[in-house]
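Enquirer: Read off the chains here:
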Amino acid sequence: MEPWVVVFLVTVGYLGLSLAVGLLSGGKTSAGTEGYVAGDRALGLLVLYFVMGASVFSAFAFLGGPGWAYSRGAAAYYILSYTSLGLVPMYFFGPRVARLGRRFGYVTQAELFAHRYHSRYLSALLALISLAAFVPYLTLQMQGAGYVFSIVTEGRMPVWAGGAVTYAVVLLYVFRAGVMGIAWTNTFQGILMMGLAWGLGFYLPYRLYGGIGPMFQQLADAAPAMLAAPGLDPTGAPWTWGGYSSAVAISVFGFSVWPHYFMKIYAARSIRTLRHTVVLYPTFAFFLLPILLIGFSGVLAFPDVTPVDTILPTIVTSLGLPAIVVGLFCAGALAASMSSGDAIVHAAASVLIKDGYRVLIQPSIGDIEETRLIRWTVVAIGAIAYYFAVASEVSLVLLLLLSYGFIAQIFPALIAALYWRRSTPIGVIGGLVVGCVVTIVWNLAPSLQWEQIHPGVWGLGANVLVLVSVSRATPQMDPAHVEEFVAA
Amino acid sequence: MPQTRLRVLAVVFALLFIATIWPVYPLSMLVSGARPVVLGLPVSLVYVVGLSVASFIVLLAYELGTRGGDDS
Numbered sequence: 001m002e003p004w005v006v007v008f009l010v011t012v013g014y015l016g017l018s019l020a021v022g023l024l025s026g027g028k029t030s031a032g033t034e035g036y037v038a039g040d041r042a043l044g045l046l047v048l049y050f051v052m053g054a055s056v057f058s059a060f061a062f063l064g065g066p067g068w069a070y071s072r073g074a075a076a077y078y079i080l081s082y083t084s085l086g087l088v089p090m091y092f093f094g095p096r097v098a099r100l101g102r103r104f105g106y107v108t109q110a111e112l113f114a115h116r117y118h119s120r121y122l123s124a125l126l127a128l129i130s131l132a133a134f135v136p137y138l139t140l141q142m143q144g145a146g147y148v149f150s151i152v153t154e155g156r157m158p159v160w161a162g163g164a165v166t167y168a169v170v171l172l173y174v175f176r177a178g179v180m181g182i183a184w185t186n187t188f189q190g191i192l193m194m195g196l197a198w199g200l201g202f203y204l205p206y207r208l209y210g211g212i213g214p215m216f217q218q219l220a221d222a223a224p225a226m227l228a229a230p231g232l233d234p235t236g237a238p239w240t241w242g243g244y245s246s247a248v249a250i251s252v253f254g255f256s257v258w259p260h261y262f263m264k265i266y267a268a269r270s271i272r273t274l275r276h277t278v279v280l281y282p283t284f285a286f287f288l289l290p291i292l293l294i295g296f297s298g299v300l301a302f303p304d305v306t307p308v309d310t311i312l313p314t315i316v317t318s319l320g321l322p323a324i325v326v327g328l329f330c331a332g333a334l335a336a337s338m339s340s341g342d343a344i345v346h347a348a349a350s351v352l353i354k355d356g357y358r359v360l361i362q363p364s365i366g367d368i369e370e371t372r373l374i375r376w377t378v379v380a381i382g383a384i385a386y387y388f389a390v391a392s393e394v395s396l397v398l399l400l401l402l403s404y405g406f407i408a409q410i411f412p413a414l415i416a417a418l419y420w421r422r423s424t425p426i427g428v429i430g431g432l433v434v435g436c437v438v439t440i441v442w443n444l445a446p447s448l449q450w451e452q453i454h455p456g457v458w459g460l461g462a463n464v465l466v467l468v469s470v471s472r473a474t475p476q477m478d479p480a481h482v483e484e485f486v487a488a
Numbered sequence: 489m490p491q492t493r494l495r496v497l498a499v500v501f502a503l504l505f506i507a508t509i510w511p512v513y514p515l516s517m518l519v520s521g522a523r524p525v526v527l528g529l530p531v532s533l534v535y536v537v538g539l540s541v542a543s544f545i546v547l548l549a550y551e552l553g554t555r556g557g558d559d560s
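Each protein sequence line maps, in turn, to chains C and H. Under this note's numbering, read the first sequence as residues 1 to 488, first letter to last. Under this note's numbering, read the second sequence as residues 489 to 560, first letter to last.
Any given hint could turn out to be false.
[Unchecked claim] Cβ pair distances, simulated, as ranges:
no. : chain 1 : residue 1 : chain 2 : residue 2 : range
1   : C       : Thr-474   : H       : Pro-524   : 40 to 50 Å
2   : C       : Ala-445   : H       : Val-499   : 29 to 39 Å
3   : H       : Ala-542   : C       : Thr-306   : 47 to 57 Å
4   : H       : Val-541   : C       : Ile-440   : 29 to 39 Å
5   : C       : Met-1     : H       : Val-546   : 48 to 58 Å
6   : H       : Val-541   : C       : Gln-218   : 18 to 28 Å
7   : C       : Ile-440   : H       : Leu-494   : 29 to 39 Å
8   : H       : Gln-491   : C       : Leu-24    : 41 to 51 Å
9   : C       : Thr-240   : H       : Val-541   : 19 to 29 Å
10  : C       : Gln-476   : H       : Gln-491   : 35 to 45 Å
11  : C       : Gly-366   : H       : Leu-552   : 41 to 51 Å
Calculated directly from the structure, the hints in this document are not laboratory data. Every residue gets a Cβ at the ideal spot worked out from N, C-alpha and C, and that includes glycine.
Pulled out of the complex, with its shape left as it was, chain H reads as follows (with noise of 0.2 Å):
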């Protein structure tokens, strides 16, 4: 069972990275264009800053939530 929640994981940190490139980041200009200017940022950054937030949530939250497997 932790050996298939890790591989879970491994997934969606492949969907995160393939988000962050090509075809993904460009697929749309609502992402990666220069406006709108969100909180301050424009989009463009917002979407990178965003997924980065996500990871580390996604990583915390897989810690917590299992201890990470074992704790030697």
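Bound conformation, chain C alone (with noise of 0.2 Å):
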């Protein structure tokens, strides 16, 4: 049998098993939404940690961090830094949020926002955010699981085929089985990512330099600024420590009020099991340091890799491994995209449904109904990212810039919702409108950009000046109804 064939096998395989997997979870939690979408706010510590570990890891990081440290060297530190430190608000406002949501049966992000500042339109416009956010993420998945496809079959399947049997499975089983389905799979699929990360960052410089020491004095010699803090820039030249704090302060900011991850805090049993997770969670993220050891490896023994997200894949298949392993390999790089893409477009549909359609279309809509509506619009989104990845000629790498810098004007908000009784609703929606417009300038006009500070943190300056100083200009709201939040 010829190689490619055993690998095509093994990832086949393991998307079969992910379906089943997936397929399996389902039916065991009730029939609405509170079920679809939160659980029956039921998940214990072992699946909330794999949920939250393997939401992150996403094609992003599995192809994209190799490709950072193999081109820009030490600027790819700073996804150390955010993913360790990224949860830890978490700790701080999760268990508040956790008692509001069985309080008064959120599920959602902007329902909590929605009831706190008795507006429909902070609704609508954080439905808006998010799913501008996500559709960029969710098609960025789906490329990289055409990607792996083409790669495992030697170019004889096309990246649309490989992106549409992957995003096939995700849907049916996101469909069938919601949040319960996400987070089975994300388990099996987080014990898959670790196993190999571990086994590869050992691995690969074991085999070309004799260790990982070795692997780093040759490049200490050989290319010192690669390794000297911040590192490069996309050009080669050095980056800035604006360009590489800003990266570290945006993502930190950002990464707790994506709503995907804040959405699981009402998945969770408990505030213990919540915490502990937070808790817990950088170890799973201390894995990222060996898929950034794969990216070294690759510096000095295949150069001029082009695109440098392909660095990964390219070594695995130049260095003669056994097919089986090759097919492992594909099917972590697949259940990296599959695990980040399966909670995107549960929550995108979720939001959209909850936030959108009933807040402004149908209020009047029914529990089973509206679950229905959701299942159908996971299906949609699907479809829509699906034909931005194979279709469209948007220009993805500005959308999904923009989505960090937006999804980042939330965390302002949020802590305002629940620590700043003064804080109105029109001060939250003018700061957001502002931050997200002004992330959107910064991004568009180069000059405008200073030290190459990310625009989003620009944003966030411009939406704490606008929450702060609106919020002060209009009247207070009814302070009973406030201290149910700041309280809680």
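Join the two chains into one complex using the hints; note that each chain is given alone, in its own frame.
Expert: Shown next, in the form of structure tokens:
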């Protein structure tokens, strides 16, 4: 049997196993949105840990992480910093959000804001921001899956077909089982990715250089600028500290308020479970370290690989490894894409229906009907992202850059909602709108950028300024209502 | 008292966050340079990994010591 056939069969076997795990996870929750979106608030520590961990471990981390280390050296350390600190804010605000979720029945992020500020426009605005951030992210996951299949079959299977097969599996188990399908497949996928990351991260430096120490010694001799923080920018010139620091900052502020993570607060079995998940989370983030080692191992051994995100598959397919090992690597790369894509498509559909459609168009919709609509919206959003993945000429890189900046704008609004009694609906909406507009303008006008500081940071500054000044200038909300949130 | 402890924890994490970025990280090439190689890793990477481990230990110790303030 030809090696590519073995690799293909291992990859298809992984997909079949994921589908089986996802489909078998369904049917254990109630039929309404609390079951489909929040898993009846019953996720235990093991599953919640893997859901949070595997969701962040996307195709970007699995393929893009080595690509960053390979092309930009120490710049890639920012990924380690933000993943180990990014969930920490949830240790502080998470218990409060969980208590409010149980008391008032929230399953999405915007439901909390809409209730706190008595504003359906805020709900719709957050739905819009979330969707604008989710779709490019989902599109990139689909493209990543397509590339994996194309590599597996040595070009026999086109990118569009690989993306279609992989995401047909994802949509099937998300449609059928909702958050429980995501939870159990993410557990399976997380274990697979952890094993592969640590295995390859230690094996490749030993195979290519005789060890991690010798690899870095040779790199320090040949390319010291690459190992000195803050590393290099995309052109290969030294990156600025402004660029590095703002990348860490915008990621840390945005990380815990990404709606697909935030919504898992409602899914936790208890507040203790939630806290323990946040405490243990960095153990998952630590395995980004071997991912970066993989990228560094390619610098001297495989120079001039383009695009840089293909460095990991290039190394794996160039070393004459057994076909089964290559197949497992491909399965791991698919797992990275799927474990983020499933949570994103599920959250996007839930947000669109609960925070957009129900609030603006049909407030009287029943629980079962709403769940049915969310399921079909999962399919619709999957189809839209697939269109962007294979047919659209829209710049995804720009959209993705914008999405990080957009999501971080939710952080000040959340802090104000839970900790600042004086905040008002107009102040929060004004802050969000101005923050997003500033982020867009700073992205589109390179002349405004200074020291390569992330546009989202300027957006955050404007957001906080408007939030505080407009809140102070507008009438205070009913203190008894506000107290329910600030003292929760 | 639990609120005071939580505020102290927030300050500790704010300091850990600041330590990962400008101006603390680049203060000295001792921690941001390519050399020396410590435990097989360049010191710039050891510094980042060390801060990540430190933040994990701080939160774990807080959780074990206080049970987070409530267990509902």
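Enquirer: Against the range 41 to 51 Å, how does the distance between the Cβ atoms of Gly-366(C) and Leu-552(H) compare: consistent or not?
Expert: 45 Å, holds
Enquirer: Given the hint of 29 to 39 Å, check if Ile-440(C) and Leu-494(H) actually sit that far apart at their C-beta atoms.
Expert: 36 Å, holds
Enquirer: Check the following: the C-beta atoms of Met-1(C) and Val-546(H) are separated by a distance inside 48 to 58 Å.
Expert: 52 Å, holds
Enquirer: Range hint 40 to 50 Å: satisfied by the CB atoms of Thr-474(C) and Pro-524(H)?
Expert: At 57 Å between Cβs, range violated.
Enquirer: So does Thr-240(C) sit 19 to 29 Å from Val-541(H), Cβ to Cβ?
Expert: Holds: the Cβ-Cβ distance is about 27 Å, inside 19 to 29 Å.
Enquirer: A range of 47 to 57 Å was offered for this pair. Does it hold for the Cβ distance of Ala-542(H) and Thr-306(C)?
Expert: 37 Å, violated
Enquirer: Within 29 to 39 Å or not, the Cβ separation of Ala-445(C) and Val-499(H)?
Expert: Check passed, 37 Å falls within 29 to 39 Å.
Enquirer: Is it true that Val-541(H) and Ile-440(C) lie within 29 to 39 Å of each other by Cβ?
Expert: For Ile-440(C) against Val-541(H), whose Cβ atoms are near 38 Å apart, the range 29 to 39 Å holds.
Enquirer: Quick check: does the Cβ-Cβ distance between Val-541(H) and Gln-218(C) fall within 18 to 28 Å?
Expert: For Gln-218(C) against Val-541(H), whose Cβ atoms are near 26 Å apart, the range 18 to 28 Å holds.
Enquirer: Does 41 to 51 Å hold as the CB distance between Gln-491(H) and Leu-24(C), or does it fail?
Expert: Cβ of Gln-491(H) to Cβ of Leu-24(C): about 44 Å, so the range 41 to 51 Å holds.
Enquirer: Does the Cβ-Cβ separation between Gln-476(C) and Gln-491(H) fall within 35 to 45 Å?
Expert: 24 Å, violated
In the structure shown, a violation is registered for the earlier hints numbered 1, 3 and 10, in ascending order.
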